[in-house]
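S.K.: Chain by chain, the residues run as shown.
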Amino acid sequence: MLRQRVLTRSFPLARVAADGLVLIFALVLVWGGAMLVLLAFKASPDTINGLSGYRTAYDYLAGLEAQDVTASTRLIADVNPRVIQRMADIAVLDHPAVIAARARYATDDLTLDVSAGRADELAATLYDLHQRACDSLARHELPPLPVNITLVRLEQETRRELQ
Amino acid sequence: MRSGEHGTIAARPRALSQAAVTVAEQSRDVLHAKAKTTAGRRGTGGRLRLTVYHAQSTDRASVTAASRDRVQALTESFSLRLRMRGQVPRRGARLG
Numbered sequence: 032m033l034r035q036r037v038l039t040r041s042f043p044l045a046r047v048a049a050d051g052l053v054l055i056f057a058l059v060l061v062w063g064g065a066m067l068v069l070l071a072f073k074a075s076p077d078t079i080n081g082l083s084g085y086r087t088a089y090d091y092l093a094g095l096e097a098q099d100v101t102a103s104t105r106l107i108a109d110v111n112p113r114v115i116q117r118m119a120d121i122a123v124l125d126h127p128a129v130i131a132a133r134a135r136y137a138t139d140d141l142t143l144d145v146s147a148g149r150a151d152e153l154a155a156t157l158y159d160l161h162q163r164a165c166d167s168l169a170r171h172e173l174p175p176l177p178v179n180i181t182l183v184r185l186e187q188e189t190r191r192e193l194q
Numbered sequence: 007m008r009s010g011e012h013g014t015i016a017a018r019p020r021a022l023s024q025a026a027v028t029v030a031e032q033s034r035d036v037l038h039a040k041a042k043t044t045a046g047r048r049g050t051g052g053r054l055r056l057t058v059y060h061a062q063s064t065d066r067a068s069v070t071a072a073s074r075d076r077v078q079a080l081t082e083s084f085s086l087r088l089r090m091r092g093q094v095p096r097r098g099a100r101l102g
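One line per chain: the protein sequences are A and B, in this order.
With our numbering applied, the first sequence covers 32 to 194.
With our numbering applied, the second sequence covers 7 to 102.
For reference, chain A alone in the conformation it holds in the complex (with noise of 0.2 angstroms):
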């Protein structure tokens, strides 16, 4: 009696990637197994280095310390997103137009929904809050981030008053 199977087709593109990676898998365990025979075979260190550099690379990772890491990436690092949102929310509620902001910080931008009180010069009015963000993040040295400034809503005032 003949026995059903299911064969699963796998996407071909895949297996030849998995094929690739697995033989340069295969060649990294042959060409360390390669120097320690060279090393079992009293083969100096300096050769053996010269050929694998794994004493060079090595060296240069014991050897990083604190000042080796870029002013940028440890600033990034140490201070909270929450700090820099509520600082450049700050920046921007000082201006008099501005009634409302919320700063959302990603790590490659900072982005602020505003809400306005004024219509006129709605446009010179968000270019300032753009250079006001800006201007705080460079006070504070941070490092310059590109800044996405959004009019969300105007205020509008309301018609009906009682004077």
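Where hints are given, some of them may not hold.
Claimed, not checked - With a straight-line cut-off of 20 angstroms between C-alpha atoms, the simulated SDA-like cross-links for lysine to any residue are: (1) Lys40(B) <-> Arg184(A); (2) Lys42(B) <-> Arg89(B); (3) Lys40(B) <-> Glu186(A); (4) Lys40(B) <-> Arg20(B).
Claimed, not checked - Where chain B lies over chain A, by a calculated footprint (3+ residues, C-beta under 8 angstroms): (5) 143-153; (6) 179-186.
Said to hold, decoys possible - Covered stretches of chain B (chain A as the covering partner; in silico rule of three or more C-beta atoms under 8 angstroms from a C-beta of chain A): (7) 9-23; (8) 80-87.
Simulated from the structure, these hints should not be mistaken for lab results.
Ideal Cβ positions, reconstructed from N, Cα and C, are used throughout, including at glycine.
Guided by the hints, dock chain B onto chain A, whose structure is given.
M.R.: What follows is chain B alone, placed relative to chain A:
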């Protein structure tokens, strides 16, 4: 409005509509205004359709021209194409 390596400066369509209504209603001859802004497909700019309601005794052409002048700064700075209409509200309509 502007997009570059320093970031983007933009406005939501509804906010621009609110701004256009506020600016248009600053005129004494305008009783009420309605605006609708649609964003352009290519990223910057868009269209602003503004309807100003005025009294029957007021000249429509002068009202629309005055309103157009008022919102011109807004439309230019946000690259909006303005389509303006003057209209007398129907009898008994609630304004505002």
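S.K.: Decide, hint by hint, whether the structure agrees.
M.R.: Going down the list of hints, with the structure as the test:
1. Of the pairs offered as hints, the one joining Lys40(B) and Arg184(A) holds, with about 16 angstroms between alpha carbons and a cut-off of 20 angstroms not exceeded.
2. Using a Cα cut-off of 20 angstroms, the hinted pair Lys42(B) and Arg89(B) holds, with the two alpha carbons roughly 10 angstroms apart.
3. Restraint check for Lys40(B) and Glu186(A): satisfied, since their Cα atoms lie roughly 15 angstroms apart, inside the 20 angstroms limit.
4. A C-alpha spacing of about 11 angstroms is found between Lys40(B) and Arg20(B), which places the hinted pair at or below 20 angstroms, so the restraint holds.
5. Counting residues of the region 143-153 of chain A whose CB lies closer than 8 angstroms to any CB of chain B gives 5, so the stated coverage by that chain holds, three being the minimum.
6. Given as covered by chain B, the region 179-186 of chain A passes the check, having 7 residues with a CB less than 8 angstroms from a CB of that chain where 3 are the minimum.
7. For the region 9-23 of chain B, the stated coverage by chain A is satisfied: 11 residues place a CB nearer than 8 angstroms to a CB of that chain, which reaches the threshold of 3.
8. Given a C-beta distance limit of less than 8 angstroms, the hint that chain A covers the region 80-87 of chain B holds, as 3 residues qualify and 3 suffice.
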